Amino acid sequence: MRLIPNWRRLASKLKVDSDDIRRLEQYHHFSPTIRLFEYLEQNQPDLTMRHLKDAFLEIKRNDLFGSLTTEASFDDSEKVKDVIKAGLLDEIALALDGSSLILSNWKTLAVSLGVSREACRELERQSMESPTGKLFQYLATSVPEMKLSSLKEALRSVERKDLINFLQEQNIGDDELLKNVIIPGSELYEKMTQELNCEGPCIKNWTHVASKLEIPSDVYQNFADFKQTRKSPTKEILEWVAARFPEKTLSDVAKALDEIQRNDAIQIISKHYPVTVDSALEQLSCSFQENFTMPDPTGQVLHTGHKRAEHGSRLSQDVEVKKGLGCYRGLPDRTILVGRDDVCEDIVNALSSEKAVEIFAPPGYGKTSVVIEVAHRMIEGGKFVAYVKPRGFNCVEDLASKIVEAFGFFPGENPISEVFHSISSMKRKNGLLIIENIDNLLHLEDQVSNYDYHQELKSKNYFKKTCGKYTKNDFLTFLKDIGQTSKIQLILTSRETYHFSSYFPTKLIDLKPLNEEDSASMFTKCDESLDDDVIGDLVRVSGGIPRLICTLISTLIKENPQMLAQRLSTSSPSALVKELSPDFLADEDRIDKCLEICFDRLSKENQKILVVTSAFPYRFTKEQFENVFGSSVVDDLQTCLNCLKQKSLLHYDKRSCQYFFDRFIRDFYSLKPDHVEAKSTFIRHYSYLAVTLCETFLTKDCKSAIDQYRSEKDNIREAMTCCGDDHSELDQSVRERCIKALNKAAVFLAKVMRKQEFQSLFCKLAYLCRSHMHLYSACLTNIGMKIVASCTCTPHICSRALSQAKEILIEANDIHSTLTNVKDTTRAQCLSKLGFCYVREGRIAEGYGYLNNALKLRKKRTEELKKGKDHVMLAACYNDLAASQMVQRNHMLAISTRVVNVLPVYEKILGDHPFTATTLNWIGNSYHALGNYDNAIRYNRISLSIRKQMLGEHQETARSLYDLGVAYSAKEKYETALKFLEKAVNLQEKVLDTQDELIHTHQAMSIALRGLGRTKEAEEEMNRARESAKKADSLQSPLDKLKTQERG
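For the sequence shown, the UniProt record's numbering assigns the number 1 to the initial residue and increments by one for each residue that follows.
Hint data in this document are derived by calculation from the structure and do not stem from the laboratory.
Given the structure is predicted, the values throughout are model-derived calculations rather than measurements.
Just so you know, not all the hints are guaranteed correct.
Pairwise CB distance ranges (calculated) [said to hold, decoys possible]:
1. Arg770 x Ile172: 47 to 57 Å
2. Glu517 x Glu159: 32 to 42 Å
3. Gln170 x Val143: 16 to 26 Å
4. Asp174 x Glu517: 50 to 60 Å
5. Glu757 x Lys191: 49 to 59 Å
Even for Gly, the Cβ is constructed at its ideal location relative to N, Cα and C.
Please model the entire structure based on the sequences and the hints provided.
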């Protein structure tokens, strides 16, 4: 939408035919549709009207089919070349030349009629001249000694393998002179020019080759297609009027301009024909002569015509900005805006409350789309809107000149004062001024003073232009003065916050990424057939950043969605940044280029803090930063963090006092050189922290260890993931030290991490340290330990878990047998768990042999070191012995083992502790197996109480709820049983990453419901159990992935 009445309104007033106006709106200096029909006349001379009609139907252009059927009189058998003549062809071209996301155009018709892709490309070119041909002509005359090898090298540099292969197929020697090989008219010449003339996303064409051949840019730019200058629509309108209505006079044009309130145009005419114009306007009694004045740089009032001297009224008293008038040709059209309605409403409400609005966000977040939508809403409400997007501005005067133009006037020599004259001339507060990207203006001073980065600023022309006001303070003062005026409102957009609320009432809008639902809707609108999983992956990759979503949507057009989503989801940060910042985008639209600008604006100190903080995967506090990196990184950390917040690169959550990055921004800055050292420091810190937490966990202060883990779990997991991922930049010695630490903390990590998560991370660690047998066997031992401890069928352990655990523990044991200096703790853990597996399998003697060996190792270490944690781990070994006794259904013996050898140690050293709760739970299960349901309930209730207190919402808490539900069900107290089982299901759905335990719980609920006679509900629960079983079967275990990697 444009607010300044332009040639269309003038044409309407001069009674120009509407079809002619439409043609002028759409036609360029050439029509690809007309070219297409010329091509068809030569290449498909027998094409009939029947074929053309069918093609229109095929491309769903029923409007054109209808026109040919109802309006034209011809037979279907007639030739197209004989029927489609000038008038009808113009109508078809008018309908097909345009581009649309919905309607098929000339290119779709061409494809339907069998026109080749190469031919379409030629038809689409605006000029029939060949820039590549001009390039070869230049080389032949200016560089006659150039050889074919030079061209091949240039093609190789721009990755045009297709053309390199084509040249090699010609069997021409590399030493041949280029001018003797590529001869105009030859097949080689035609092929090379056709391919290099192509333009399009990611296509390296003749311009890239010319650059690689070191041809000066000012030279090869002249090779470009000759762009015919489009005739001015206004000029064509006036010529049309002169031809159609020769009696029309200049007075008629002046009257028409007055009716559409284009006084600036009348002023131009009046300079050349003052008497004619003044006479015409006097007859109209128009307001122009009486009221219209223009500010003069001298402070005088400038009037039009020969009566200028008679007028002396001030501008502020004379001009009223009228509804729908004044938007500098340039407010872009509306786009489809998703997920921003609330933000737009907030802005409109703020403007209604007489407030200015400052919108800030990193590049690519949709600031422009939001302000354009708001502008159109304000226009619909009767507001005058002036829109300014600074480009190439070098001083405040440049900005002021653009604002004056946006107000609908011509800037003079003192544009700053003209801005305020224009604003003061408004009779009521009905105007809105939008200035975008003010941060570019406020950093101009830095560019001027930094010669090393901007060599072009040394030119005399530049300094001549910047002799005006260009400092940050100059721009801020100018914007502050505009904001403090009473007759216009202000919307400013920026990548940084400047808090203009100190000067005038301002609503600050922090534009966030789109939420998952709105992001998904953008992909769905692009392609409704996209799978939900694919959309979910793409949403996560984009992080809700609108520009990235649009980039992905454009990529989806030419790629398989599933393969694209899978590739991007597993891409490294560097690969992801490259994919989401394609070369075919202009630099101002490439998010990586924009983020680089933001980075360059920072001080060296702030740059370092930004890169170092990108080591954190999600959120972090100031204290966490200092704990990891110390206080030596920067003198004043808080000031640096505040600066990064002001630059909108770093977010801050006031409630949790945590800082965080948006994912893509973090990934981008993690590619900076300082990040490698920072990440190594981060990994070491959190690997060693896991060991510290494990030591605390094996005391009565276990709750503090669990709580601290939960506050640091993202960082600990990130450290484990980085050790387990194939990061070549991570020193192998650092990796091995960290893996050693994580193995040492495995007992604690196994308790606080979910099954799949633990196994997945330790499988990755095992794979990357597979050449270090001590570390590799320790990883395998801990994986086996977690499988045994996590099986929902514990203590009996299901056959699938038994097979997995036994296989991996046997491998670990075999490695231990070949090594010296294996840690006793690792060896004992492996033997203890493997012994249990053998007993469960029925190899009783062998199993107990391993268990006894494990007990001996634990006892020996406990006697030597006399540390509390060694007593705890000895008791844990007795727990494995008791579990083996339960497998043999020796439940009383198992109870005795735990009551005598386990529980006293745990209660003395650990107190209320997850280990104590697990032991009580197993004792309760033994009583349940013996039919002593009261004791089962008693022990399970104590276990549940401890687990709630220590673990909170955790899979083991859910297991206690399940065990209590089953015990009450066995006592036929089905109502009570259902309460516990329902709580178990709700908690399991929150905390489990596998479906196994849900299967058992749904089955138990079905039994309780049948006991209450609620048969239909019981069957529903069994159906839920079956669904959970299907999901469980569909999951690939981390162990399967590890085996696949090892085979590879």
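Hints numbered earlier in the text: which of these fail when held up against the supplied structure?
Checked against the structure, no hint fails, so every one of them is satisfied.
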